[in-house]
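**Q** Chains as they are written, first to last, in the working numbering: chain A, 1 to 321; chain B, 1 to 327.
Simulated from the structure, these hints should not be mistaken for lab results.
Keep in mind it's a predicted model, so treat the numbers as computed, not measured.
Check each hint, because a few of them may be wrong.
Said to hold, decoys possible - What follows is a set of in silico ranges between Cβ atoms, one per label pair, in the way DEER data are often shown: (1) V314(B) to D142(A): 34 to 40 Å; (2) S100(A) to R131(B): 49 to 55 Å; (3) Q17(B) to S100(A): 39 to 45 Å; (4) R118(A) to Q17(B): 37 to 43 Å; (5) A305(B) to D142(A): 16 to 22 Å.
All C-beta atoms in this analysis are idealised placements derived from N, C-alpha and C, irrespective of residue type, glycine included.
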Amino acid sequence: MSALLEVRDLSVRFNVGDAELNAVRSLSFDVSEGECLGVVGESGAGKSQAFLAALGLLADNARARGSVRYRGREILNAPRRELDALRGRRMAMVFQDPLSGLTPTARIGHQLEESARRHLGMNARQARGKALEMLETVRLPDPRRCLALYPFELSGGMRQRVMIALGMICEPDLLIADEPTTALDVTIQAQILRLLGELQRDANTSIVLITHDLSVAAAFSDRIMILYNGRLVESGTTHEVFRSPKHPYTAGLLASLPSLTIDPASDLPTIPGQPPDAMKSVQGCAFAERCKHAMDRCWSERPVLAAPGAQHAAACHLLSA
Amino acid sequence: MTTPLLSIESLCVDYEQRRAGVFGSRTQTLRAVNGVSFELSEGETLGVVGETGCGKTSLGKAILQLLPLAAGRVVWRGMDLARADAKMLTGLRSELQIVFQDPLSSLNPRMPVGEIVAEPLRVHAAGMSARERQLAVSGMFERVGLRPEMTARYPNEFSSGQCQRISIARAMITRPKLLICDEPVSALDVSIQAQICNLLRELQRETGVAILFISHDLSVLRYMSHRVMVLYLGRLMEIAPRDVLFENPRHPYSRALIDAIPEPAPNANPLDRADPLPGEIPTALDPPSGCVFRTRCPIATPECAQTSPQTENVSESHHVACHHWRC
Ligand SMILES: Nc1ncnc2c1ncn2[C@@H]1O[C@H](COP(=O)(O)OP(=O)(O)OP(=O)(O)O)[C@@H](O)[C@H]1O
Ligand code: SF4
Ligand code: SF4
Ligand SMILES: [Mg+2]
Chain A
1 MSALLEVRDL
11 SVRFNVGDAE
21 LNAVRSLSFD
31 VSEGECLGVV
41 GESGAGKSQA
51 FLAALGLLAD
61 NARARGSVRY
71 RGREILNAPR
81 RELDALRGRR
91 MAMVFQDPLS
101 GLTPTARIGH
111 QLEESARRHL
121 GMNARQARGK
131 ALEMLETVRL
141 PDPRRCLALY
151 PFELSGGMRQ
161 RVMIALGMIC
171 EPDLLIADEP
181 TTALDVTIQA
191 QILRLLGELQ
201 RDANTSIVLI
211 THDLSVAAAF
221 SDRIMILYNG
231 RLVESGTTHE
241 VFRSPKHPYT
251 AGLLASLPSL
261 TIDPASDLPT
271 IPGQPPDAMK
281 SVQGCAFAER
291 CKHAMDRCWS
301 ERPVLAAPGA
311 QHAAACHLLS
321 A
Chain B
1 MTTPLLSIES
11 LCVDYEQRRA
21 GVFGSRTQTL
31 RAVNGVSFEL
41 SEGETLGVVG
51 ETGCGKTSLG
61 KAILQLLPLA
71 AGRVVWRGMD
81 LARADAKMLT
91 GLRSELQIVF
101 QDPLSSLNPR
111 MPVGEIVAEP
121 LRVHAAGMSA
131 RERQLAVSGM
141 FERVGLRPEM
151 TARYPNEFSS
161 GQCQRISIAR
171 AMITRPKLLI
181 CDEPVSALDV
191 SIQAQICNLL
201 RELQRETGVA
211 ILFISHDLSV
221 LRYMSHRVMV
231 LYLGRLMEIA
241 PRDVLFENPR
251 HPYSRALIDA
261 IPEPAPNANP
271 LDRADPLPGE
281 IPTALDPPSG
291 CVFRTRCPIA
301 TPECAQTSPQ
311 TENVSESHHV
321 ACHHWRC
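Pulled out of the complex, with its shape left as it was, chain B reads as follows (with noise of 0.2 Å):
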């Protein structure tokens, strides 16, 4: 294997919280994102699942150095951005760049979206003519589906499918190596998502840029990525190659992701389908002793309230958090 792109290390991430007491506030530390570590490589797709607040953005911002790192380590290229300084990062930025989820609230609505496309170039190709970055911009428009002649009006003339394909456009002007999309389709209707699904696909084939695809949606990210990896309460659970984790899961949680998952089975029982993992999801500001994902889990033992397991390789490829994954 060629050396990775992004070798996430350890990564940790805090917030720190005000919480109001009897004896006056106090903070109190959130781990957001918990020892994650992960590489990705060129023209390669990382799909991200977990549930709401699991840490997936958390991880993306803290990647593209927008969120400080509590512990670990990214090393881009080789490099470890906590080394770079403020005008490498700079420079680096045009290579990492980042697709939200909401795509309206991510454009500046006073600019006209040819002025928002263009953006990323006046800071990263300055050399760049104002004639050079108009061709480029309607290139672009284009290539993900929008009529040039569109650049000069404002975001809210478009509908959300028509912004995401404008925050697209921002984010691969500068031809980045690394795109992180977080939930990029989850705010865009059936018919338009699997459009954006085919042009992210198209533009890494073209182009090689790393993916990495922060989802709720386990279809949709079957279908996006090579490899998955499934987070909980900022904890990596599981990560291996995509048909592995959908055909032989081996955490207790990416199971029940995945019998979660409401298959068009018509006319099947609602009823009839696998019971659905209990309780409620515990808060990151006092996670469960031990394993995580113990107070939901049908498997634990006592040993899971004891110990937090580590991650064991199931395959060279496909690694697992879990004390009973064997079973």
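Just chain A, with the same shape it has in the complex (with noise of 0.2 Å):
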């Protein structure tokens, strides 16, 4: 598998007022073709703001250094115009609440008929044709109907079917899903799930699942990248990193959920303190004040992510120990 967006030494920082927050904290990554990556970590761990920095998207006071390649070509920072055709084209993003996506006065068929004419350059007929086409390959219940509906007048599950439609209308190489269920119950937010392993199957797209629930990354994904506090802490295959986490951070994660193999009549093991404050900056390792196992050097020295591009690594001096 080749790599079809290549993340390196990427940072986003926030300007506050007068202090500085640091989203994002340089993290290197790639997505391969057809892969499903899934992209793990607590809230403000800098999940989101990494896959909207590389797609050009983040809010006016951020700013983004280091590179984003998408097939080679480097895109951060790239102009308007260039990142408008490709997101369009070949990246889209799928957002937790799907009403932020999609436009509230305008019809869903009106929305999606926009996207083909633009992208796809067809005309009224074919786009109508495209639409519907969408409506049905994301298995919206009667799409016809459903063409001259509101956003508004749709379920929270219906909606993010209609955001998947928009982002797949184009086939794009890679979809990013950023919390995609979050907001849906649970046989909805199955649906979704089993919606998007189809289309990276049938379409042969690169998906990247952002989300918090680690049995969902599991669940879905080939390949998992656990984040905390901006940095990549550990990835690997999905199976590897369960099987034997190397990382205290994600053994401390995978621990603690309340699977259903554990006994119900032990206590859950959990990790101590709370995640860290992203405006402050750390000169060791950030998860030290949390860390059972923390050394005089994790105080000190910032550790580095082991053979990054390896099958799995992670980021722990007692890893180099």
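Combine both chains into one complex, guided by the hints.
**A** Here it is as structure tokens:
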């Protein structure tokens, strides 16, 4: 598998008043062609900002540095026109709140047709056909009727399907789904994950699934990336990461899941403390104050990701001790 | 079995909804909770699961008399709460407490957190001196894992996990006998969820408080509950002891919920999983005839559209509302 997206040393900084907030800190990773990558981390870990930066969708008070290559071509901070073309055609993003990605005052059909005309150069009739076809692909019940509806007339699950249809209409190589099922009920979540899986299989689309829910990532992705405080702390095949987590944070997260196999009579293992403040900068390992293995070295020296690009890697001093 | 602490009998909750129509607006009744019955004993946790809008929150609020009942009874320690006068209700509030989903918005932003936690004592233990209250508050802070020096700070200086600890401290300070937890960990980070779950379990062990634990997350629910109740469109589908429900669910909806749990099974192809339940959740304004679950049920028969299934006993502690639970 060759890399579709190569991210190197990506940093995202926000200006907040007279302070600086580091949302993403020298992050490097690849997304391969046709794969499904799960990106996991707690709130504020930088999951969304990393991908918004890649797509050129950062807020005005943010600055991105580093490099993001799409099929070898540098796109970080590229001119707006170039990004617009790329975003519609090659890469699409689906958000947690599907309302934020849809225009509230336009009918569903109109929004889909608009995209087909602009990005695929279709005429009105072709675009109408394409819109209907997309709603069928995402298995919206009664697609013909839905074309004429406004976003607020749909349930949360249906809206998320429409968002995915809008993302997929130009057959992008890469679909970034940011917490696509967090606002949905379990049985609807299962429907949406199934749909994404089918799209990946049938259209060979690469999918990045951003989620705070380790179980969702595990059940869905081939490879997994764990972020903490804006940095990559562990990455590997989902199988490897779950079988033998290398980073104490990943191990702690896995242990604290109330999975169906845990004995409800015993207490859940927990990670003490709270996620760190993105405003503060730490010299050593950002996880040190919550880590039961922390050594002297952890407070002064930042661990680096051993063997980036390897099947399974983590940033922890335990691995080089 | 001892007499239950709380007994809910055929509870119904209605909302009036104004709907704009061609001939002007008219009101329509939405039945959010429909004929739900169950009991809860001291020291017990009953988990409540169901889809968004299935009436979980309305049920909790109706028990606390924060919403009027359209029908049915809430019997608390043998007393029908509908018969309680305002003064008795105020007294009872110290025995019945609630913790909400969104920790920050349930705390008054202009009050130091120590005052927030002390507030119920002012109302329910008016005889306490300021000094005694302060001691009780610092004790409670310590108990929920917050430093007592923090009492002078304001809610916005705390993380959401800490805010949830503050809400729990406020709810537990009057030593309630029943705690209703409405999605208490859904808004929290994964690494904080386990901390709060453990805290609630410890508090229950220490004080014997009964807990009604509302959640859409079945794996959290399994860990927290002694018994589990499954709701769909305001109706009770199934209620059973935890292990029975997870190992031998009888209702097709319970089975679908359990199948939909994204268990970490790495390398499992999502396409190999059981088929997800098809279709959308119908609106409670216009529920399906007969069994409300029939529009999504994989084993529905014509009978299901005709008659609404009665709750039947699978065993003394296991009840299910389905015509075909024996299949
Ligand atoms: N417009 C903004 N101005 C200032 N800071 C911001 C802005 N947007 C995001 N941030 C900060 O950037 C950091 C990373 O945010 P990001 O949204 O990437 O986190 P996330 O991992 O996606 O979290 P969540 O799980 O909550 O979605 C956070 O500390 C956040 O508060
Ligand atoms: S580097 Fe040190 S503190 Fe950080 S995770 Fe590893 S052992 Fe723990
Ligand atoms: S009564 Fe019929 S529709 Fe309802 S759950 Fe049972 S089989 Fe399904
Ligand atoms: Mg995010």
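**Q** Decide, hint by hint, whether the structure agrees.
**A** A quick look at each hint next to the structure:
1. V314(B) to D142(A): 34 to 40 Å: holds, 37 Å
2. S100(A) to R131(B): 49 to 55 Å: For R131(B) against S100(A), whose Cβ atoms are near 51 Å apart, the range 49 to 55 Å holds.
3. Q17(B) to S100(A): 39 to 45 Å: violated, 26 Å
4. R118(A) to Q17(B): 37 to 43 Å: The hint (37 to 43 Å, Cβ to Cβ) holds, given that R118(A) and Q17(B) are roughly 40 Å apart.
5. A305(B) to D142(A): 16 to 22 Å: holds, 20 Å
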